[in-house]
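Asker: The lines below spell out each chain.
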Amino acid sequence: MSDKLIIDGRPYLSRLLIGTGKYKDHEETAAAISNSGAEIVTVAVRRTNIGQNADEPNILDVLPSNKYTILPNTAGCYTAKDAVRTCQLARELLDGHSLVKLEVLGDEKTLYPDVVQTLAAAETLVKQDFKVMVYTSDDPIIARQLEEIGCVAVMPLAAPIGSGLGIRNPYNIKLILENARVPIIVDAGVGTASDAAIAMELGCDGVLMNTAVAQAQNPVLMASAMCKAIEAGREAFLAGRMPRKLYASASSPIDGTFF
Amino acid sequence: MIKIIVNGEVLEVSENCTLSGLVEQLELVGKKIAIELNMEIIPRSLHHETRLHNSDNIEVVQAIGGG
Numbered sequence: 000m001s002d003k004l005i006i007d008g009r010p011y012l013s014r015l016l017i018g019t020g021k022y023k024d025h026e027e028t029a030a031a032i033s034n035s036g037a038e039i040v041t042v043a044v045r046r047t048n049i050g051q052n053a054d055e056p057n058i059l060d061v062l063p064s065n066k067y068t069i070l071p072n073t074a075g076c077y078t079a080k081d082a083v084r085t086c087q088l089a090r091e092l093l094d095g096h097s098l099v100k101l102e103v104l105g106d107e108k109t110l111y112p113d114v115v116q117t118l119a120a121a122e123t124l125v126k127q128d129f130k131v132m133v134y135t136s137d138d139p140i141i142a143r144q145l146e147e148i149g150c151v152a153v154m155p156l157a158a159p160i161g162s163g164l165g166i167r168n169p170y171n172i173k174l175i176l177e178n179a180r181v182p183i184i185v186d187a188g189v190g191t192a193s194d195a196a197i198a199m200e201l202g203c204d205g206v207l208m209n210t211a212v213a214q215a216q217n218p219v220l221m222a223s224a225m226c227k228a229i230e231a232g233r234e235a236f237l238a239g240r241m242p243r244k245l246y247a248s249a250s251s252p253i254d255g256t257f258f
Numbered sequence: 000m001i002k003i004i005v006n007g008e009v010l011e012v013s014e015n016c017t018l019s020g021l022v023e024q025l026e027l028v029g030k031k032i033a034i035e036l037n038m039e040i041i042p043r044s045l046h047h048e049t050r051l052h053n054s055d056n057i058e059v060v061q062a063i064g065g066g
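These protein sequences, in sequence, are chains A and B.
Residue 134 in numbering that gives the first Met the number 0 sits at position 135 of the first sequence; the count goes up by one each step and never skips.
Residue 2 in numbering that gives the first Met the number 0 sits at position 3 of the second sequence; the count goes up by one each step and never skips.
Possibly wrong hints are sitting among the right ones.
EDC-like cross-link-like pairs, simulated, lysine to aspartate or glutamate; straight-line CA separation at most 16 Å [stated by the list, open to error]:
#, chain 1, residue 1, chain 2, residue 2
1, B, Lys31, A, Glu234
2, B, Lys30, A, Glu91
3, A, Lys80, B, Asp55
4, B, Lys31, A, Glu38
5, A, Lys3, A, Glu146
6, B, Lys2, A, Asp94
7, B, Lys30, A, Glu55
8, B, Lys30, A, Glu38
9, B, Lys30, A, Glu234
10, B, Lys31, A, Asp94
11, B, Lys2, B, Asp55
12, A, Lys3, A, Glu38
13, A, Lys21, B, Glu39
Hints are computed from structural coordinates only; laboratory data are not their basis.
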């Protein structure tokens, strides 16, 4: 069955997008990501340590570019200006690569997106030929506006970043999905495999997660659980669930009973 | 010698030092980095011809793990 996630015209077999933060070391990162089956992998952009550990391994060394699509993020940015600057640095860093994950945060405690700054940054980045996958709130109007600006994927949160609270407002995610013509990817909030399956059963095109895998007791095993949950959820969505009923309906026929 | 600021720290480099020279001095040759000089990105291809001046402010960044 050909059921691919298409982002900016490029097909992906996996609908799980995964972050590389909060792992014990690069070895664990590589093992978890490999087990997750993810093809799109996020990284952050930060200052290089000057004058110390010149031989320190780089995250990109464990993420071969022929195997993964690297998705640099603008994590930690609180203004459109900083986010645009980060994307420009990422493009130079990754030899002209233009696919980015835009996130402009509004508050340290909730890490909720500042949608006003996010819209402004998205507009600038699209004009500069970036392909923008954008983290946003689960507001259907903002999601539509981000799509109209030209973002290649809209990525509403399901719960605060790193909270693991699961899909808190499935109805809003549904509303976003109803109007969308670009992939809708739940970004943030997933805590365990069933959360990822629920996002996919709602009809989301994918799920982006980091903490749920990295902070599991066994990240490498959780990565494979997430891989299966995403696939199961997607297949359930495509299969179409049975209608919910208030009363029972026997699975075995009544005809032919001998008692 | 001239004084420049690299990632927020003061550093001394020789006069006429280029960005390539700085990358060498920092032992970052061949590393996947990007460089900003006074808030302007200098593409890798121009590092060898970009001379540094006193009080230049430089950011050297790389990819790290993140979500």
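Asker: Each of the hints needs a verdict: does it hold here or not?
Answerer: So, going through the hints one by one against the coordinates:
1. Taking the CA atoms of B:Lys31 and A:Glu234, the gap is near 39 Å; set against the 16 Å cutoff, the hint is violated.
2. Our distance criterion of 16 Å between C-alpha atoms is met by B:Lys30 and A:Glu91, whose separation comes to about 13 Å.
3. Straight-line distance between C-alpha atoms of A:Lys80 and B:Asp55 comes to about 21 Å, which puts the hinted pair past the 16 Å bound.
4. Distance restraint check for B:Lys31 and A:Glu38: the Cα-Cα separation of roughly 21 Å exceeds the 16 Å cut-off, and the hinted pair is therefore not satisfied.
5. Between A:Lys3 and A:Glu146 the CA atoms are separated by roughly 20 Å; this puts the pair beyond 16 Å, and the hint is violated.
6. Of the supplied pair hints, the one linking B:Lys2 and A:Asp94 is violated, its CA atoms being roughly 30 Å apart against a limit of 16 Å.
7. Using a Cα cut-off of 16 Å, the hinted pair B:Lys30 and A:Glu55 holds, with the two alpha carbons roughly 10 Å apart.
8. Annotation: proposed proximity of B:Lys30 to A:Glu38 is violated, straight-line Cα distance about 23 Å (limit 16 Å).
9. Distance check on the hinted pair: B:Lys30 and A:Glu234 sit about 42 Å apart at the alpha-carbon level, beyond 16 Å; violated.
10. A distance of roughly 9 Å separates the Cα atoms of B:Lys31 and A:Asp94; the hinted pair therefore holds under the 16 Å criterion.
11. A threshold of 16 Å between alpha carbons decides the hint, and for B:Lys2 with B:Asp55 the separation of about 8 Å falls inside it, so the pair holds.
12. For the given pair, A:Lys3 sits about 12 Å from A:Glu38 by alpha-carbon distance, which is consistent with the 16 Å threshold.
13. Our distance criterion of 16 Å between C-alpha atoms is broken by A:Lys21 and B:Glu39, whose separation comes to about 31 Å.
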